[in-house]
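Novice: With chain Z fixed as given, assemble chain H onto it according to the hints.
Here are the chains, one letter per residue:
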Amino acid sequence: MNLTRQRFAHPLDVKNGCIELSHGGGGRAMAQLIEELFLAAFDNDWLRAQDDCARLPACGGRLVMATDSHVVSPLFFPGGDIGCLSVHGTINDVAMSGAQPLYLAATFILEEGFPLADLKKIVDSMAQAARRAGVSIVTGDTKVVERGKGDGVFITTTGVGVIPPGVEISASRAKPGDVILISGALGDHGMAVLSQRENLSFDSPIVSDTAALHELVAVMIQATPGIHCLRDPTRGGLGSALNEIAQQSGVGMRLREAAIPVHEPVRALCEFLGLDPLYVANEGKLLAICPAELAETVRATLRGHPLGQEAAIIGEVVEDPHGFVEMETTFGGRRLVDWLSGEQLPRIC
Amino acid sequence: MKYIDEFRDGQVAQGLATRIRQEVEPGRDYALMEFCGGHTHAICRYGIEDLLPDQVRLIHGPGCPVCVLPSGRLQSAIDLVEREQIILCSYGDLLRVPGAHGDTLLRAKARGANVQMVYSISDALDIARAQPDRHVVFFAIGFETTTPPTAVAILQARREGLHNFSVYCNHVLTPPALRAILTDQRSLAEAGSGKQDHGTLHGCIGPAHVSTIIGSEPYQFVAAEHRHPLVIAGFEPLDVLQAILLLIRQINAGEAKVENEYTRAVTPEGNRKAQRLMAEVFLLRPGFEWRGLGELPDSALAIRPEFAEWDAERRFVIPAIQAADHKACACAEVLRGIKRPQDCKVFGIACTPDHPLGSCMVSAEGACAAHYHYGRFRQAAV
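From first to last, the protein sequence lines stand for chains Z and H.
Note that this note's numbering has the first sequence beginning at 124, numbered continuously upward.
Note that this note's numbering has the second sequence beginning at 4, numbered continuously upward.
Chain H on its own, in the form it takes in the complex:
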C-alpha cells in the first residue's frame, strides 16, 4: 500500500533501532509515555519493544477515548436507550464497555434495545433521515480528532431541519488530560511513592491525529512547566521509532522541547477550519469526570445552547450516575501510567477481552487489550 508500507519498512526500522542502541547512554533510564492509544496499538502490534534496548521503557498513556469514558456516562446511555423509544448509534468498541454493575450496550441490545453500530456519525444521520418517525441519538466520544465531524453533523442536521437527531456529547480534550498525567507523575516522583520504577517520566510521544487538529503549540506547557521533551509522532511504527530516537537525543542533551516528527500532517497552528467548527458548536464544560483521572476542569465539551435541539442531554432527562468501577480493576492506575497492564491482579485472569471488567481491556487502543492481544507472551517467558 502506497504511503503506508513506507512507514512500516523493517529494514529502515533496523537502522533506526541500531541508532537508538548506539545513542542510549549506559546506566541511564528512558521512561517514555505514549499518550495515544493509537501509538499503544502500533507499539504492541508491531512488537516495537523488541527493537529497543532494556533501558528504554514505554509507558502507556490515557489517550484511548473508550477507556477514559466513566462508567456512569455509559450507564446513562444504556438507561436512555432502554427508557426512551430511541435508536442509539455508537462506535463498535463502546458496545462492550462495562457500565454500572458490568452491564453493557451489547447486553441492552440483546434485551431488545435499539442499539446500532456505526462507522461514522454520518451513518447515524442517514438512519435519522431514513426513519423520520424515530429519534436517533449518536453516542459521541473521542478527543479532538472525532469532534469536528460531530460539529459538522450537528450543523448539517440544523441545515436540513432534521429534528429527530441528537448527540450525546462526551468529547474530551487532550491537553488537560496530559497536564493531569504529568502533574500526577511529578507528585508521585516527588513523594517517592510510585511503584518501583514508576512515577518517573522522562519524555512523551505526542498525539498524532489530535495534533493534526490542534497543532503543536498547545503542548508547550509540557516543556515549559514540566521540563519534559515531547515529540509529536504519526501512528505508523517507523514514526514511533523515530520519535523515540528524537526523545533520547533531547534527554541526553538535557533539553525539553516540543518537536514534531509528524510534519507530513501536523503544523504548529493545526487545522484552523476544524477549530472554528468546534468553537461554533461546542463550549467548555467547567468540569468532567474521566475514568482513572477523576474530575478534570475545562477538559470536555458540551453542545452550545443555540444547538439545544440536537443535544441529547437537553432533549432527554439524563440523570448523572456515579458508578464505581469494579473493585479489583486497576484501569485507573493503568490510565495514569503508574501500573502496567500486567501489574493488575485480574489482568488475563478475571479480566479478558471476552469478559472485560475494565474499559482498558475493551478497545484495541486500550493498554490492557493491546498487551493481552499482542504482547502477553513476553510475561509468560519471564
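Same shape as in the complex, but just chain Z:
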C-alpha cells in the first residue's frame, strides 16, 4: 500500500499545477510539496528523517562553509538552469579553498503561481548535479511569496566541505613572481544567459560553462599541493576576481591579453554589445596562482582534465604598492584591468 497516497488525498499535480501560498504555509500542502517533489528528487537518509536539521557525522580536518544565492534570469538558459547552477555555484565556492565539498543545504523562495512543472525540472536538475558531484542535499527550506513579489524562483544553497591536511589556499597568498593561470575560455556563462534575455534574444551557439570544479581542484592539489590561490571568476569575471586577489594579497598583476582564451562567438557578441569578456561571468572556470616553478605542471594537470582543456598561463604577480592589474594589449600597449564598476549584467547567476 502506498503510504504517500494515504497522507495526501490527491497527488501533486506536477503537470498543470502551480505554487500556491499554502505551499509555504507550514501545513499539509507544504509537507506534500516537500515529500513528492524535493524529497523524491534529492532522496537521502537525512532528508527522509524529515527533521528541521541534518545531523552530520564529525569529520577530521578543517571545515569550510560557503553560501550563494541564485536569482538568474531567465531560469533556463543554454547549457543549464537555475537548479544545476545553484549546486555548482556553491560547490565551487567551497572547492576554491581546496576543500572536498560534502553537503549542501537548499532554500527555495517561490512565487505564487510558479508552474510546478518548471519547479520539478529545476529540482531534478539540482538532484542530478548533486549526484554527479557526489554531494548530498541534506536539509532545506521553502518559502512562498505572493504573486508579483518574487520572480518565479530564487535558490540559496549553502555548502560544507573539508580541507585536506597540508593544503593552504587563500586569496591572500599571491606573491610577486607567482604565475597566473586560467582553466579555460572566458565569458561563456554570462553571454549564454544574456543571449536569451527578452530584449536581446540572439541566435547564438554560446552555451553556459556551468560545472562543478571540485574534482578538477582535487586533481590539481594532488599534483601540486603548493598552489597559492584558487578563485572561480563568476560575477564580475576575471577582471574583478584578479583585483580582489591583488587587494587581499597586497600585490599587482601583469596580464598578456593575447594569452587569455575567449571563444570566438563570445568575443563577437561582446564586441556587438560593447562588453569586455574580462568582466563577463563564468560558472565553470577557475583561476589559479602558483609559484613559477609549478606553473607548467599546473597547466599540464588542468589540460589533462575535461574541464581544463583550454587552460593557459595568462600572466604573473608583481610587486606593486598600488595593487594595479595591468595588461599588455594585443595591440602592444598597456591598459589597466580595473574593478568592474556598476552592474555590467544584472541577474546573471
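For the record, the hints were derived by calculation from the structure and aren't laboratory data.
There could be a bad hint or two in this list.
Claimed, not checked - Using C-beta positions, here's what the derived DEER-type ranges look like:
| no. | chain 1 | residue 1 | chain 2 | residue 2 | range |
| --- | --- | --- | --- | --- | --- |
| 1 | Z | Ser192 | H | Ala383 | 28 to 38 Å |
| 2 | Z | Met153 | H | Asp357 | 39 to 49 Å |
| 3 | Z | Ala341 | H | Thr266 | 56 to 66 Å |
| 4 | Z | Ser295 | H | Ile352 | 24 to 34 Å |
| 5 | H | Pro29 | Z | Gly446 | 33 to 43 Å |
What the hints assert, rightly or not - Calculated pairs, SDA-like style, for lysine to any residue (alpha carbon to alpha carbon, straight line, at most 25 Å):
| no. | chain 1 | residue 1 | chain 2 | residue 2 |
| --- | --- | --- | --- | --- |
| 6 | H | Lys5 | Z | Ala391 |
| 7 | H | Lys5 | Z | Arg457 |
| 8 | H | Lys5 | Z | Ala382 |
| 9 | H | Lys348 | Z | His445 |
| 10 | H | Lys5 | Z | Arg379 |
| 11 | H | Lys112 | Z | Pro469 |
| 12 | Z | Lys298 | Z | Arg457 |
| 13 | H | Lys5 | Z | Thr453 |
| 14 | H | Lys112 | Z | Leu398 |
| 15 | Z | Lys272 | H | Lys112 |
| 16 | Z | Lys298 | H | Ala383 |
Note that the coordinates shown come from a computational prediction; the quantities given were computed from them, not determined experimentally.
For each residue, glycine too, the CB sits at the ideal point set by N, CA and C.
Specialist: Same frame as chain Z, now just chain H:
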C-alpha cells in the same frame, strides 16, 4: 573576428609606430585632439599612447554624447518620469549621469519611477506597442550617428498611429561643437592663458561614425578657417595610429587639409538618405546648452512641429532647469581639452566611476572614465 581583427593587429601597429617615431621632427610638439569619445576609448583601451613618442600628445575632445548633455536637461527627464505616469526608456550610460544635486535616473528608478534601459530606440517602440495604456518616452541623445534612427522611429510611430510614444530630443551636431572647441583653443593660445602645454592644438582626429552620416565636407572650415589638419579615422586602434601618422605628415609639411583615413565607410557627401530623414523630422534649435561648452548657436535639433504628437517637449510640460555642475568638477575644462582628466582635483578621489561627480566619469567614452579604467597606472608610476 573577420573585418575587426585586421584593424587591431599588433604587428601592423608596431610598423606604424616605427614610422611615426621616424617621421616626428626633433624638438617639435604634436598636440592632436581626438574629437570622439569612441577614439578616446580606443586610445585608452589599447594603450595607444605607449606606442607614441613623447612629442605626440593626444588631447581628449568633447565627442561623448552622455558627457555633453547638461545636467538641467537630465534633471528635466528625472522630474518628468517622476511626475507623469510614463515609462522613460534610456541608454544605459545615461542612468548614472548626475543631474541637479547629484540625483540620477538610476536613483529615480530605485525610488519607483519606471525607467527602462534599452539598447536601441526600436526597443522603446516595442514597449509602447506592448503597453498601449502607458505612455513611453524615449530619451534621445547623441550626435549625427544616433539621430537618423530616432527619425526613423518617429516616422514609424506616425505610420502605425502609435500615439503613446514620444521622444525627448537632445540630439546635437558635431561641426558647431568642433568650431567652438577650435575657437576656444585659439583664443587660449593667443591669450597665452592656457595651462602649461595646453591651449595649443596642431591637428584633429575627425569623427568616425558621425562622418559616415555627414561625410567629410562639413569639416572644411577646420582647415580653411583654423589652419588645422583634420584626418577622419575609424574607431579601431590601427585607424587611430594611421590617422596620427597622416596628421604628423601634414604638420611637418605645413599643410592643413581634411583627409579621410576611414574610406571604407566615409564618403565626401556622407549618407544622403540618412540626411534626408533627419531633415524631414528635425529642425535646428536656435541655441542649445552643452555641458562644458555653454550655449552654442545652431548646434542641436528639435522635432518639427508637424511631428508634435511624438515630441515629449510638446506633449508634456518640461520646464527648463538651470542646474550648476558640482563646484569641484572640471568636466567643463576636460570637455574643452584644456585640462586632462588627471588635472581635475577630484579625479579618482571624490569622483570615481562608482560615484561620479561629473558626466565625463560615467560613459565608457568619457575622457575621465576611460583614463580611470584603463590608464591611471601611468600617473601612479610618475
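Novice: Each hint needs a verdict: does it hold in this structure or not?
Specialist: Hint by hint, here is what the structure shows:
1. Z:Ser192 x H:Ala383: 28 to 38 Å: holds (36 Å)
2. Z:Met153 x H:Asp357: 39 to 49 Å: Since Met153 (chain Z) and Asp357 (chain H) have Cβ atoms about 42 Å apart, the given range 39 to 49 Å holds.
3. Z:Ala341 x H:Thr266: 56 to 66 Å: The hinted range 56 to 66 Å holds for Ala341 (chain Z) and Thr266 (chain H), with Cβ atoms some 57 Å apart.
4. Z:Ser295 x H:Ile352: 24 to 34 Å: holds (27 Å)
5. H:Pro29 x Z:Gly446: 33 to 43 Å: holds (39 Å)
6. H:Lys5 x Z:Ala391: holds (10 Å)
7. H:Lys5 x Z:Arg457: Roughly 24 Å separates the two Cα atoms, so the pair holds.
8. H:Lys5 x Z:Ala382: At roughly 19 Å apart (the allowed maximum being 25 Å), Ala382 (chain Z) and Lys5 (chain H) satisfy the hint.
9. H:Lys348 x Z:His445: With a Cα-Cα distance of about 19 Å, the restraint between Lys348 (chain H) and His445 (chain Z) holds, given a limit of 25 Å.
10. H:Lys5 x Z:Arg379: Given pair Lys5 (chain H), Arg379 (chain Z) holds - Cα atoms ~22 Å apart, limit 25 Å.
11. H:Lys112 x Z:Pro469: holds (15 Å)
12. Z:Lys298 x Z:Arg457: This hinted pair holds, its Cα atoms lying about 22 Å apart.
13. H:Lys5 x Z:Thr453: holds (16 Å)
14. H:Lys112 x Z:Leu398: Roughly 23 Å between the alpha carbons, so the hint for Lys112 (chain H) and Leu398 (chain Z) holds.
15. Z:Lys272 x H:Lys112: Holds, at roughly 17 Å.
16. Z:Lys298 x H:Ala383: holds (21 Å)
Checked against the numbered hints above, the structure violates none of them.
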